[in-house]
Every structure is written in structure tokens, then in C-alpha cells.
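As a plain string of letters, each chain reads:
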Amino acid sequence: MLRLVARRLLWSVPLVLAAAAVSFIAVGLLPGDAARSLLGQNATEEQLQEARHQLGLDLPLWEQYWHWLTNALHGDLGTSLISRTPVVDELNSRIGASLSLIIGATLLAAVVGIALGVRGARRGRIGRLVDTVSVIGLAVPDFWLGLILVVVFAVELQLFPPNGYVDPLEDPIGWASSLVLPVITLAVPAVAIIAKQTRDAVATALDRPFVRTLRAAGISDRSILFRHALRNAAIPILTVVGLVFVGALSGTVAVEFIFAIPGLGSTAVQATAAHDFPLIQGVVVYFTLIVIVVNLAVDLAYGYFNPRVRLT
Amino acid sequence: MSSNPAFRPSRRALTRAAVVAAVLPVVALSACSRAGTNTASASAAPSELTFGTQAGPPSLNPAVGDPAYGATYQWAYDPLVVMQPDGTFAPGLAVKFGYVAGSSNKVYEMTLRNGVKFSDGETLDAKAVKTYLDYLRAQKTGSLAPLLANVTTIDATGPMTVRITLKSSDPSLTFNFAQAFGLGNIASPKAVANPSTLDKSTAGAGPYMLDAAQTVSGDHYTFVPNPNYWNKDRQHWKKVTLRVIANPSSMIQSMRSGQVQAALGDPTTLSAAKSAGLNVIAPPQAMSGLNLLDRSGTISKPVGDVRVRQALNYAVDRKAIAKALYGDEALALSQYSLTGQAAYDTALNERYPYDVAKAKQLLAEAGYPNGITLESIDTTVAGLNKLMQAISGQLSAAGVTLKITTKPGVNDYVIGMLSTKYPTAVMGYGLANMASLYAGFINPAGPFNPFHYKDAELDKLYAQYYAADEEQGAALQKQINARLVEQAWSVPVVGAPLSYYTTKGITGLDATSGNSGVPWLTEIRPAG
Chain A
837 MLRLVARRLL WSVPLVLAAA AVSFIAVGLL PGDAARSLLG QNATEEQLQE ARHQLGLDLP
897 LWEQYWHWLT NALHGDLGTS LISRTPVVDE LNSRIGASLS LIIGATLLAA VVGIALGVRG
957 ARRGRIGRLV DTVSVIGLAV PDFWLGLILV VVFAVELQLF PPNGYVDPLE DPIGWASSLV
1017 LPVITLAVPA VAIIAKQTRD AVATALDRPF VRTLRAAGIS DRSILFRHAL RNAAIPILTV
1077 VGLVFVGALS GTVAVEFIFA IPGLGSTAVQ ATAAHDFPLI QGVVVYFTLI VIVVNLAVDL
1137 AYGYFNPRVR LT
Chain B
12 MSSNPAFRPS RRALTRAAVV AAVLPVVALS ACSRAGTNTA SASAAPSELT FGTQAGPPSL
72 NPAVGDPAYG ATYQWAYDPL VVMQPDGTFA PGLAVKFGYV AGSSNKVYEM TLRNGVKFSD
132 GETLDAKAVK TYLDYLRAQK TGSLAPLLAN VTTIDATGPM TVRITLKSSD PSLTFNFAQA
192 FGLGNIASPK AVANPSTLDK STAGAGPYML DAAQTVSGDH YTFVPNPNYW NKDRQHWKKV
252 TLRVIANPSS MIQSMRSGQV QAALGDPTTL SAAKSAGLNV IAPPQAMSGL NLLDRSGTIS
312 KPVGDVRVRQ ALNYAVDRKA IAKALYGDEA LALSQYSLTG QAAYDTALNE RYPYDVAKAK
372 QLLAEAGYPN GITLESIDTT VAGLNKLMQA ISGQLSAAGV TLKITTKPGV NDYVIGMLST
432 KYPTAVMGYG LANMASLYAG FINPAGPFNP FHYKDAELDK LYAQYYAADE EQGAALQKQI
492 NARLVEQAWS VPVVGAPLSY YTTKGITGLD ATSGNSGVPW LTEIRPAG
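Line by line, the protein sequences are chains A and B. In terms of my numbering, the first sequence has 1046 at position 210, counting the first letter as 1, and numbering is strictly consecutive. In terms of my numbering, the second sequence has 247 at position 236, counting the first letter as 1, and numbering is strictly consecutive.
Derived by calculation from the structure, the hints in this document are not laboratory data. Since the model is a prediction, treat every value here as computed from it, not as a measurement. Beta carbons: idealized from backbone N, C-alpha and C, even for Gly. Treat the hints loosely; a few may be bogus.
One side only, chain B facing chain A, incomplete, derived with CB under 8 Å [stated by the list, open to error]: (1) Pro69; (2) Lys138; (3) Lys141; (4) Lys151; (5) Thr152; (6) Pro206; (7) Asp210; (8) Asp230; (9) Thr233; (10) Val255; (11) Ile256; (12) Ser261; (13) Val425.
Calculated from the model, a selection of chain A residues having no Cβ within reach of chain B, i.e. all distances over 12 Å [what the hints assert, rightly or not]: (14) Arg839; (15) Ala870; (16) Leu891; (17) Leu897; (18) Ala990; (19) Phe1093; (20) Ala1109; (21) Asp1112; (22) Val1129; (23) Tyr1140.
Working from the sequences, and respecting the hints, build out all of it.
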């Protein structure tokens, strides 16, 4: 198991470097630059050239990347070209909101999705209902669902704030309250995916010969379902939960926009619009690290549910 | 299995109980916290204001910030001059201001208000203003420094008197010192000596100051009363929070729920805001339409012919477009100035009535009886692509086909215009006076004149306007406006509004064309 962890961590280094290089090249190919964002529409070409020189944007792309990389290896992701604040500070102040949203949505989706999937695995009407709910959940656009939730629960019923994010250290209740609607918005499509996967995996496990043996031994249906079938179905479910978490990273872009949450997703959009190279690179590095950590956690969970993995 | 099954709750009941137990605390606690807020707001005039805006400023430093983010700076920085809703200028930090008589409008003097202190305790005097303005014009980034590029020297000629000497006259200087551009948002000399402090905090002479501990950049900015403010009567709130809500629909919902009391609006939500019962203030602010860039006919011979340009002006039904896009045909615009501004001339509204037959006749006279096809560029920003679609649809009736390339952002759109590959482009240009129109639109080096077109008659009028006093200047601005209309520099279609929304119980937000749609936000106060 330790070898697995070590191998994964070793692989993460080239992965981060590759992701950063690809994004650097991609952003470099975009038309426009941060100098125009900083100086506005009426700036003359001379003023733009001066600003580009000040910001180091007149250097060749590889040289800009090299400067960025050498600093990044020392933990310095640079300074935002637009706000002139350190990228690390900027992203650290936003990662809490994104993680609250993503972890909350993944947990909610996992609990509800697995519960629905397990009930659905017994086939019959509930099984068909799970299928139907899955299709609807996947089909509903998050921006539409978000707006509907806001109108009903924030504007009409006034149960939750319509948008915004509250620091949990300042106001834990306000924090929980501010997350309810965005978490539900982000979780609904994921519930559908997890429910479908759980239903199929548990149904497959229930069809396997060991279940017949357990039944013959007089083990109750409930025990077979929760202690044996679900445990056997855990690996594909875990895989999907991991994928849901990673997918929620991109889902935050729309949800943070709708609910005015200052997270990494909205920062990525603003940084890209302003051609803020260092900030875009910082977001890419943070997203990549989150994906690596989640994948590692899923691998470790595999080991818990499947002893054979621990031997690799 | 010793317990009596009759007393065991079913698994379904347990599940329901678990769900209720999990959800209720959040709902109940949320309701409690909301109830507290509502009680406070219902019992008396509100003491806290939340103002919604769609983006936070790139920097809190007023010297490198962008005027587009004035809604952030205004709370902490009083301007030197205040532009009033009727378009006149009133004292701000400066009690007297203007060009020195006999200086050919090249020497500008200001007398500062006595007894003003910055939020950090420093005193406002001539040295402080000179220090800040010298710092500002030395900046290499930010869109404000170029506005002082014409300045030779800034001198403190007395304890409270500042003299600005210019290379050539600039009729926009007073306007630039007012709240719309914020050139006069003076920061304290102590902060200027250590400018990095201006990135994280404020040091102005305005009614409020930033509470950095309660601020998350790009999300919300909290302002508390400035204890050193010279006029306590203007501190209407115990706390002002600037909330960044990028999604215009979410802004409306926030106002409906009572979370936000005043906000910057958006053209796409004007109708929704009215339907939601909000007070909508939407004065026309930007000249929007089709810019005829290639007036010299460099890449498109038709655009170089004034008859074709005039034909395009006849072929657009401005009132229909204004009604369709903004629900208000009064926003139709066919000149280069807005009602309430010095250059505005009602007679010019009649120069190009909607007349497709006249348009076709002019095209035929210019040698294009079968119509023309023009390359054009637009952008999705501020819904300008929708305006372009409307214009394109109407021009087609006169035999004019627009081949439009759409760019997603302002950067790409400006780069496209500057590429000189497009003879026409959509335009959205904020109107204040003829000097600000010159900066980016008439100026051969301006981005809205990428083919560097010059008109000798216009140059002559501008030279006279720059040297004129205020009264003569107003007449000359009208003449410049008339010349632009006659030469059909572009096809102005609508005066796109800069909109604001307020909830009931809020007053003081006076945005008009006179103040370029930029009110003095610190005048917002509880009604009654």
C-alpha cells in the first residue's frame, strides 16, 4: 500500500508540470493580453508596450514559463497581473469556498445517490424510478436549477440567502445556510450518476453465487444487501464518487457564478477574461493538486474495501 | 430481539426522521438569523447598506484603478469636484476650480477646502494634492495616468492652492477630476509614500473607509464611517457593504430577497427589475451603434463615400431598435451627445429620419444601385452583438449586407478593430462632452479611429473649443456635434443606459445623462 502511495506521489510531479505547461501554452495562444485589461480601451500602443515590458509580457513564451516555473518550485506562484496581490494569497482566500461547495455536494450526492441506488437495486417500481430520476437529474441544467431554487427558497420562502458565501470562522450558521442551495444545485446531476452506478453495481453483486449461498445459510436480506452486496459493489461506486468530485471542480464555474461565491471556479473565469497569466497558472496548479489528492484518497479507499489492492 | 416489535419504529420512519433531523437545524437556524435581520430592518430606518456591483476593481489603489469601478472608490474617496445631475460642477475637496483667465486655458487652479482630513489622520492641503497627482501621473499602468499626460507641472502655490500647467488646453480636466473618472480621488500623502498600502486599504477623504478585516477581494468590500470625515451629515450609514454579484439575474434575486438595497443594473435585466418592483434608474450613457471606421476608404471604397455613410444613417429605424432592446424608444440616438449635455442639439434628431427609399437613392447616387456588402466586427460584451443583429436586419432592407465577426471579450474586440481588417464595427462609447469624445473616437490615435481618419473642419472646431471659455465652448461643442452628424462618422442608434436599481426606502441615487450616468453614490440614503 505504501508503495502505491509513493508511486502515486511520484507521478504527481510530472503531472503538475505537464498541466502547467499545457495551460501556459494555451493561454499564450489566446489573442489579447493583460496590458489591455489594465490600461483600458483608450490606451495607445506606446502605453501598451510600456506596460507589457513592465509585466514581462514582451519576453518569449518559453522564457516567461521558465521564470514562472523556477519561482513555482520555490513555492512562489507569482503575482496577479491585475490585482497585484500574490497568487498564493489570492487562491488561498478562495479555496475554502470551493472546497466547501465541492465536498458538500459530493457528500450529499454520495449519501442520496447510494441510498437511491441501493433501493433501486431491488428492481421493481423503485428501480425504474431511480432510472427516471437519473435521467432527469442529468438533463436539468445547473444554472436553471440554481435559479429555480433561489426563487423558491430564497426569494419566496426566504429560508436561505439567494447568494454569497460566509466564512465558517466568522459565522458557522451563516456558512451552512449559504451553502445549502449551491450544494444542492451542484449535487443533483451527481446524485443521478451515483444512483445509477450504485443500482447497477449492487444488482450485479446480488446476482452473484455467493449471495445465493448466504441466502441458503439463512442470512437476512438486509444483512446481505448492506454487509455483503454493497461492500462488493463499493469499488465502482467509489470510482464514480471520485469522478463526481473531480467533475464538481468544473461544475463550480457555473454554480459560483450563479450564487456569487468567491471560489476557484469564478477566479479562473475572471483570470482568463483578463489574461492574467500567473493567476490562471495558479488555478491550474491548485486544480491539479486537488485532483491528485482525490485520486490518492480513492486509491486508499480501494485498499480498504479490496484487500488485494493493499498488496500491490 | 427482546424489545416489543410494536414499539419499534419502521426503517422508513427512521429514514424520514433522520432526513428531517438533518435538514431542520439548517433551515431553523437560517430562519432565525434572517428573522433577526428582518426585525432590525423593519423597526427603524436601515443603518446598513449593501450595494451590488458586477465586478470588483482590479486594484483598490485609486491611482491605478479603472473608472469603470468607481462604485468601489467613491465610498472612501471624495473627489476634488462633484458632477451634479444637471451636468454642472460643484465643490468637492476643491471649493474653487477652473482655468486662470488669460492663460489660453493652459493654467488650471484649485483652492482646497479647509479642515479636511484623510481617514489616516493626515491633513488635506495643496502639498497633499500635488503629491498624489504627481504620483498618479507617474504610473505606468492604469487608465488614469494618460489623462494627465498633457500636464507640464503641478505646483502648490499656497497652503491650499494648487496650480496645474498644461502643454495645451484640456476642456475635460474638470470632468476628469469629478466622480465619473475619479482623477480627483485624492489619497493621503502618507499612503502615497508607501503605495502598497493602497492595494489593501483605503486612505481617502471620503465619508467611509475600508474595513480590511471584513473584506474579501473580488467578493465583498466592507466600509465603515471615516472618523475624520469633515461633514458628518453625509455619513448616512453605519456600514456599507459592496457585494460583487457577477450574474445579473442573481442581482435581481438578491434585491428581491432584501439582501441588496441598491445596485448597478444591467441592460439584460431592466424589464425583470421593473417587474420585480424595483426602482429602475437608467439614463442613456453610451453611444451605441455602427462605427464606420474606414472613412478614408482604405479597404472599403463605399465607406469612404459620405453619401453611403449618410445612406446607412437613413436605413436604420432607431426608435424601433431602442424599443425592442430596452423597451424605451426615448433611448433612440442619432447624434454624438445626450440630453442634458452641452453639445446636445434637438434639431440634429431630425437629420436622418428612418427612410429606406432615401437610403437606396443615396446608395444609387454613390454608384451602388444593387447595394453593398460590408465586413464588420462586434462583441458579446454588454449585449452589443444583439444591437448589431438588429442594425444588420434593418440595413438589409436597403440592400446593405453586414458580414459580422463576433468576438467574445473587449480585448479581442479592440484588437480586431485595431487590425484595420474591418471597415465597420459595433460601438459602445460613453458620452460626456466633446473632449472625452475626442480622446478615443475622433483622435487619429484613438482605438475607435483605427484608420487614423482626420477632418480639417473638425480639427479647426476642436482648436477653437479647447481655447474657448465655458459659454463659447458650449456653442462650439454643438458645432462639432453637427459636423460629425453631417459627415456621418458613424451610425449612432441608441443611447445605451447605465442602469441602477434600488429597493423601496432608498433615495439619493441621481444618475442622469448630465452626470454621465455616474451619480455621487455617497448621496444614497434612507428615504424619509
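Results for each hint:
{"no.": "1", "hint": "Pro69", "result": "holds, 4 Å"}
{"no.": "2", "hint": "Lys138", "result": "violated, 27 Å"}
{"no.": "3", "hint": "Lys141", "result": "violated, 23 Å"}
{"no.": "4", "hint": "Lys151", "result": "holds, 5 Å"}
{"no.": "5", "hint": "Thr152", "result": "holds, 5 Å"}
{"no.": "6", "hint": "Pro206", "result": "violated, 10 Å"}
{"no.": "7", "hint": "Asp210", "result": "holds, 6 Å"}
{"no.": "8", "hint": "Asp230", "result": "holds, 3 Å"}
{"no.": "9", "hint": "Thr233", "result": "violated, 12 Å"}
{"no.": "10", "hint": "Val255", "result": "holds, 7 Å"}
{"no.": "11", "hint": "Ile256", "result": "holds, 4 Å"}
{"no.": "12", "hint": "Ser261", "result": "holds, 5 Å"}
{"no.": "13", "hint": "Val425", "result": "holds, 6 Å"}
{"no.": "14", "hint": "Arg839", "result": "holds, 40 Å"}
{"no.": "15", "hint": "Ala870", "result": "violated, 9 Å"}
{"no.": "16", "hint": "Leu891", "result": "violated, 8 Å"}
{"no.": "17", "hint": "Leu897", "result": "holds, 18 Å"}
{"no.": "18", "hint": "Ala990", "result": "violated, 5 Å"}
{"no.": "19", "hint": "Phe1093", "result": "violated, 5 Å"}
{"no.": "20", "hint": "Ala1109", "result": "violated, 6 Å"}
{"no.": "21", "hint": "Asp1112", "result": "violated, 9 Å"}
{"no.": "22", "hint": "Val1129", "result": "holds, 24 Å"}
{"no.": "23", "hint": "Tyr1140", "result": "holds, 24 Å"}
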